[in-house]
Each structure stands twice: as structure tokens, then as C-alpha cells.
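K.L.:
Protein chains in written order, with the numbering used here: chain A, 1 to 555; chain B, 1 to 99.
Because the hints were derived from the structure by calculation, they are not lab data.
All residues carry an ideal CB built from backbone N, CA and C; glycine is no exception.
Please note: incorrect hints may appear among the correct ones.
Claimed, not checked - If we take Cβ atoms under 7 Å as the criterion, some of the chain A residues that face chain B in the derived model are:
#, residue
1, Thr32
2, Ala51
3, Thr344
4, Pro427
Given next are the chains, with one letter for each unit.
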Amino acid sequence: MYHYNDFDEAFVRTRVAQFRSQVGRRIDGSLTEDEFKPLRLMNGLYLQLHAYMLRVAVPYGTLNSKQMRQLAMIADRWDKGYGHFTTRQNIQYNWPELRDVPDMLDALADVGMHAIQTSGNTIRNVTADHFAGAAADEVEDPRPYAELLRQWSTDHPEFQFLPRKFKIAVTGAEADRAVIRAHDIGLQVRRVDGKIGFRVLVGGGLGRTPMIGKVLTDFLPVEDLLPYCEAIVSVYNVLGRRDNKYKARIKITVHETGLDEIRARVEERFAAIRPAFDEAAMEILDDIKAQFALPAFRNAETDGFEAARLANPAFRAWTDTNLTPHRAEGYAIVSVSIKKHGATPGDASSDQMRVLADLAQTYGHDELRISHEQNVILPHVHKSDLPAVYAALRDADLATANIGLVSDIIACPGMDYCALATARSIPIAQQIATRFEELKLEHEVGPLKIKISGCINACGHHHVGHIGILGLDRAGVENYQITLGGDGTEDATIGTRTGPGFSADDILPAIERLVLGYLDLREDASETFLQAYRRLGMEPFKAKLYPPKEEQDAA
Amino acid sequence: MPKAFTPKVVTANALLEGDAVWLTEDDRWTRDMAEAELLTDEAHAELRLLEASARASEIAGAYLADAQATDDGPAPTHFREAFRTRGPSNYPHGKQVDL
Numbered sequence: 001m002y003h004y005n006d007f008d009e010a011f012v013r014t015r016v017a018q019f020r021s022q023v024g025r026r027i028d029g030s031l032t033e034d035e036f037k038p039l040r041l042m043n044g045l046y047l048q049l050h051a052y053m054l055r056v057a058v059p060y061g062t063l064n065s066k067q068m069r070q071l072a073m074i075a076d077r078w079d080k081g082y083g084h085f086t087t088r089q090n091i092q093y094n095w096p097e098l099r100d101v102p103d104m105l106d107a108l109a110d111v112g113m114h115a116i117q118t119s120g121n122t123i124r125n126v127t128a129d130h131f132a133g134a135a136a137d138e139v140e141d142p143r144p145y146a147e148l149l150r151q152w153s154t155d156h157p158e159f160q161f162l163p164r165k166f167k168i169a170v171t172g173a174e175a176d177r178a179v180i181r182a183h184d185i186g187l188q189v190r191r192v193d194g195k196i197g198f199r200v201l202v203g204g205g206l207g208r209t210p211m212i213g214k215v216l217t218d219f220l221p222v223e224d225l226l227p228y229c230e231a232i233v234s235v236y237n238v239l240g241r242r243d244n245k246y247k248a249r250i251k252i253t254v255h256e257t258g259l260d261e262i263r264a265r266v267e268e269r270f271a272a273i274r275p276a277f278d279e280a281a282m283e284i285l286d287d288i289k290a291q292f293a294l295p296a297f298r299n300a301e302t303d304g305f306e307a308a309r310l311a312n313p314a315f316r317a318w319t320d321t322n323l324t325p326h327r328a329e330g331y332a333i334v335s336v337s338i339k340k341h342g343a344t345p346g347d348a349s350s351d352q353m354r355v356l357a358d359l360a361q362t363y364g365h366d367e368l369r370i371s372h373e374q375n376v377i378l379p380h381v382h383k384s385d386l387p388a389v390y391a392a393l394r395d396a397d398l399a400t401a402n403i404g405l406v407s408d409i410i411a412c413p414g415m416d417y418c419a420l421a422t423a424r425s426i427p428i429a430q431q432i433a434t435r436f437e438e439l440k441l442e443h444e445v446g447p448l449k450i451k452i453s454g455c456i457n458a459c460g461h462h463h464v465g466h467i468g469i470l471g472l473d474r475a476g477v478e479n480y481q482i483t484l485g486g487d488g489t490e491d492a493t494i495g496t497r498t499g500p501g502f503s504a505d506d507i508l509p510a511i512e513r514l515v516l517g518y519l520d521l522r523e524d525a526s527e528t529f530l531q532a533y534r535r536l537g538m539e540p541f542k543a544k545l546y547p548p549k550e551e552q553d554a555a
Numbered sequence: 001m002p003k004a005f006t007p008k009v010v011t012a013n014a015l016l017e018g019d020a021v022w023l024t025e026d027d028r029w030t031r032d033m034a035e036a037e038l039l040t041d042e043a044h045a046e047l048r049l050l051e052a053s054a055r056a057s058e059i060a061g062a063y064l065a066d067a068q069a070t071d072d073g074p075a076p077t078h079f080r081e082a083f084r085t086r087g088p089s090n091y092p093h094g095k096q097v098d099l
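All chains should be modelled from the sequences, with the hints used to inform the complete structure.
P.N.:
Shown next, in the form of C-alpha cells:
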């Protein structure tokens with residue numbers, strides 16, 4: 001993985017020193033909150049309902065064990081002993097005190113991390129497929145390109161005051177595990193006629209006006225990546241609406257301007273700036289790629305793994321749900337569920353972080369990933385080590401076998417923390433997971449993605465949940481709307497609203513009716529919830545969700 | 001006819017800790033909403049908000065929040081403000097620890 005060079009190190013240290021001075025001036029009264037707010041946001045510091053919140057970038061979701069241990073140390077020393085992994089592969093600390101934040105940032109810099117551009121109207125942390133470099137179906141590891149984009153976008157002078165925030169995601173496979181179609185720019189690494197390049201999508205996004213990204217070009221040569229992205233953001237910077245916050249994202253710009261016109265303007269801008277991009281960027285890319293070289297995978301027997309599967313049903317169940325095929329013979333990708341039934345999705349204690357770091361170091365070629373689904377990945381584990389990994393995870397309360405199932409729910413922090421939220425998300429996720437654990441049904445239900453957002457901004461990706469839940473404030477009471485049929489993969493689809501929303505008390509029974517109803521509706525056990533919905537359409541699901549009143553009373 | 005003024009309290013986040021605080025009649029910032037000054041007159045409420053906002057080195061983001069009179073003092077009317085008096089629902093963190 002990428003290691004800071006002298007330039008990165010000096011840049012991040014300088015920024016911490018600047019911010020330390022700014023915090024000092026805020027505390028002594030020299031800066032007002034209006035003056036300080038844009039400065040703290042540039043450094044990832046929010047002020048929420050109960051405390052400050054520091055959002056730390058995990059670039060393209062990749063961490064090593066040393067970094068994970070440092071995140072645990074920060075949680076213990078300056079927070080309440082845990083961190084929250086987010087849908088943008090970041091980690092958030094919910095309880096820092098203002099005075100401590102510069103020290104936290106210094107501690108991050110000690111391990112090559114920062115919180116720069118995790119907020120504000122800038123290019124945010126570039127996200128990537130959490131199986132990058134390990135997935136069997138991958139054309140190429142997308143992370144060197146994500147790192148190149150990170151270097152290009154960090155403190156880019158033209159793009160510090162965009163009309164609105166700007167999010168880029170990169171994947172290296174046809175299977176989209178990075179939701180690139182719901183990003184301002186989505187990049188898919190492709191190989192065409194032996195040449196590497198990108199399919200470039202633009203104008204995707206969720207939020208108030210959800211849109212699926214549109215293809216700007218089907219193949220962009222790799223050497224044009226930076227100038228082409230710069231052209232896109234530059235065109236957006238000029239055309240993007242600054243008069244209305246709700247129409248300021250590039251998805252609206254593309255929608256209002258038209259894709260062809262946007263493409264023409266991007267091409268024009270690209271032609272103008274392309275000559276300024278010399279070979280230096282490609283040389284930097286080569287250096288970056290060398291740092292992402294695959295680990296030295298070992299050849300070993302996997303008999304022990306098969307024997308353990310036969311001997312231990314709990315281990316077998318966990319391997320059935322939490323493993324993904326690896327590109328290397330004898331290896332597996334391990335998804336560690338941070339969704340124990342009844343726990344807060346995405347929250348890991350400092351002890352759990354240390355266990356994950358130890359496992360990565362001992363069994364995982366020192367690599368960890370944070371997924372946008374708020375789980376932690378050990379991308380390179382030899383199958384013979386899986387019984388030991390499982391045992392250690394179980395001791396740390398991290399061995400829940402539910403990846404991709406009902407209880408593997410994405411939930412934003414909602415009104416338990418977030419100042420923008422209109423309703424709570426976390427308790428709804430906790431109730432659903434607990435209920436389906438009681439019913440012992442989630443393995444029978446099979447693949448099902450439930451995603452919950454506590455406001456229209458859709459941090460919980462509810463629009464692309466097979467079942468999406470949106471928490472709203474309806475006349476001073478929490479109310480939850482349901483959408484169905486959303487999909488965040490390469491077949492990206494925005495879910496459709498079912499009808500009237502449900503109160504906080506009624507949402508759990510509603511979800512239960514829906515999921516049990518699906519078991520009645522499906523052709524057989526091989527037809528997933530999403531497939532059944534696509535075959536049958538909304539009506540039969542709606543009938544399950546909104547039964548005639550007498551049936552509800554009888555139930 | 002203009003909408004009738006509903007009672008308010010001045011609230012903000014403490015500058016250093018970031019938690020919710022409310023303005024009292026004797027110009028203190030309290031962490032117990034029941035001690036807050038209940039503002040029943042619109043002009044007075046606007047004035048109190050201006051005074052509070054000027055105290056930049058103590059708080060951030062002052063605003064007027066709806067409140068109601070109870071025997072124990074001002075209480076929230078909206079769930080958001082009620083959460084601010086307690087803390088999150090997923091952990092025993094925040095103000096509820098001391099309740």
C-alpha cells in the first residue's frame with residue numbers, strides 16, 4: 001500500500017500546525033464561529049447534536065495494522081473507546097473535544113493519515129472496491145488510480161470552493177462493489193484490446209434527487225485520467241448552481257445541461273488543459289503502482305480448512321456467508337461483520353480494532369479494508385488460517401455470519417448524532433437485526449440489502465437498498481418511508497416508494513410483513529428478494545406491506 | 001394573521017465540549033434545560049439570541065428552540081430537542097449519564 005513521501009508528510013504536518021493555530025484562535029475568541037467553521041470543515045471537524053465529530057479519511061478504504069492500532073489508540077485516548085465506520089469508507093469519532101482535535105490529527109499524521117477534505121465543498125475521499133487487489137473478477141487493482149486522484153485532488157487550488165461536495169469512486173471489476181453509479185464521477189478500470197483505461201460515468205448521486213450516473217466516455221486512456229477528471233470538475237465548477245444548495249450537485253448540472261452538452265464542454269476543456277499534463281503524472285503512477293504490488297502469496301494445503309468446515313457447523317455457516325473468492329489459489333477474502341445483531345452498524349470498539357489489526361498482521365499480509373457497507377475486510381487470508389482467524393474473531397464478538405443478509409444493514413448515524421437528520425436510523429437497524437435473529441430466518445431469506453437513512457441526504461444509501469428506509473419528521477413525529485427494488489451494483493436502480501410511511505413503532509412489523517411476504521411470493525429458495533421484486537413488480541409486495549385493516553388487527 | 005409566538009429557549013453547543021447548553025435568565029450556560037430561561041415574548045427572545053450569539057468564545061451555533069413550561073421548568077416540544085437533553089439512544093453516553 002501507499003506510504004507517504006516527504007512531500008505528503010510535510011504537507012500533512014503543516015496542515016495540522018495551521019489547524020492547531022486556528023483552534024487556538026477560536027478558543028481565545030480571535031475567530032468567530034462563522035470564521036472558524038469553514039476552517040474546521042476543511043479538516044473534517046463537524047459540530048453535531050451532542051458533541052464535535054471528527055471524520056477521518058481512510059483513502060479508498062485501505063488500512064494497515066499500524067494504522068488500525070492508531071485508530072484504536074485515538075478512540076481510547078480522546079474519544080469513548082470506539083469508532084464508527086461510514087458508507088464512504090471513513091471512520092468517525094463522535095465525542096472529541098475541540099482542544100484535543102489537533103493532537104488527534106497529529107496522531108493520525110504519525111501513521112500517514114489525515115482528515116483533510118472529508119467535509120466541505122471539495123473533492124472528498126476517493127473510494128474504491130473494498131475487494132480491490134484481491135477479487136477474482138478484477139481487471140486491475142483500482143487503488144493506484146484512486147491514490148493518484150487523491151494526490152491530484154488534495155488541496156487542488158481550483159477545487160476548494162466547488163458549488164457543492166464532489167465524490168469519486170473507482171472499481172477495477174465489472175461487478176460494481178463501490179456504487180460508482182451513485183457518485184459524481186464513477187470510474188471503472190477496463191482492458192480493451194490489451195490497453196488499460198476507464199469507463200467514465202458522471203452525474204450519479206443519491207440524496208434529494210437520486211440519479212444514476214451516465215456514461216461520459218466508454219474508454220478513457222489511462223494517461224488522460226487526470227486531465228479528463230480535471231476537465232469534468234472544471235466544467236462543473238463553472239456551470240454548477242450556487243444559487244440553490246439543493247440543485248448544486250453535478251447530477252443536477254448534467255440533468256439540466258444535457259449529457260451531450262456536458263460532454264462537448266468537457267472535451268473542449270480537456271483539449272485546452274491536456275498539454276499541461278506531462279509525463280510526470282504517469283511516472284508518479286508507476287511509483288504508486290509499485291507500492292501496491294501484490295503480497296507474496298504462499299502455496300499451502302487447505303485440508304485443515306475443509307476439515308474444520310466439516311467439524312464445526314458455526315465455522316461452516318460463517319465461511320458460507322463471509323468469504324468471497326480470491327484471485328490467488330488457496331486464499332479467501334474475509335468480510336468481518338461489524339453488524340452483530342442488535343449492535344450499531346459500523347461501530348467497532350478499540351479492542352475490536354486491535355484484534356483486527358493483529359489478525360491482519362498475523363494472517364492477512366498486513367492489509368485491512370473498510371467497506372462502504374460498514375464492514376471490515378481482511379482481503380488476503382490463506383484458507384488454512386481461517387479456523388484460527390474465525391476463533392479470534394469469535395472471541396472478539398466479531399464472528400457474526402450475516403454478510404449480505406437481512407441484518408447486514410447500512411445505517412447512517414441519524415438523529416442519534418447527526419445535526420442534519422430528521423429521524424433516527426440506528427435503533428431501526430438494531431430492531432430489524434434483533435427481530436430476524438429471533439426468528440432465525442435470515443439464512444432462509446438469503447441475500448437482502450436493507451439500507452436506512454435518517455434524512456433525505458441519503459448517507460445510508462436507502463435509494464439503492466433492496467429495501468430502503470428513509471426516516472423523516474412528519475409533523476413533529478418520526479416517520480419512515482419504504483422504497484423497494486433499489487440496487488447499488490452494476491445494474492444500479494433507484495428504489496420505488498411503496499406508499500405512506502410508518503411510525504417508529506410500526507416500521508419493524510412492516511419490514512417483517514414485507515420479508516415474510518417475500519418468502520410466500522418467491523418461486524423457490526433460489527429466487528432472491530430483488531429478483532422476485534423484479535419479476536412481480538410492486539403490487540404483490542405492496543399488498544403484503546399494507547394489508548386490509550382487519551388482517552392487521554388479527555395478526 | 002401572523003402565527004402566534006410559541007415559547008422558546010436559547011440553546012447552543014458549548015465551544016470546547018460541543019454538547020448542548022441552554023441560556024439561563026442570569027446569563028449562565030446550563031447543561032440542564034430545565035434551568036433555562038423560557039422566552040414567551042418574541043422581541044425579548046430575539047434580543048436574548050443576539051446577546052447569546054455575541055458570546056463567541058463560550059458557545060457555537062446559538063438558536064431559538066421551541067419549548068414548553070412544565071412544573072420542573074422548560075422542556076422540549078420536539079423530539080430532536082428532547083434527544084439533545086439526553087444523548088444518543090444506542091449507548092449510555094452524553095447527558096443521560098448524569099440523569
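K.L.:
So, proline 427 of chain A near chain B? Judge it on the closest CB pair being under 7 Å.
P.N.:
holds (5 Å)
K.L.:
Less than 7 Å between beta-carbons is the criterion; does threonine 344 of chain A satisfy it with respect to chain B?
P.N.:
holds (5 Å)
K.L.:
Given alanine 51 of chain A as an interface hint, is the shortest Cβ-Cβ distance to chain B below 7 Å?
P.N.:
holds (4 Å)
K.L.:
Restraint: threonine 32 of chain A near chain B, CB-CB cut 7 Å. Satisfied or not?
P.N.:
Status holds, d = 5 Å.
Consistency with the previously given hints is maintained throughout, with no hint failing.
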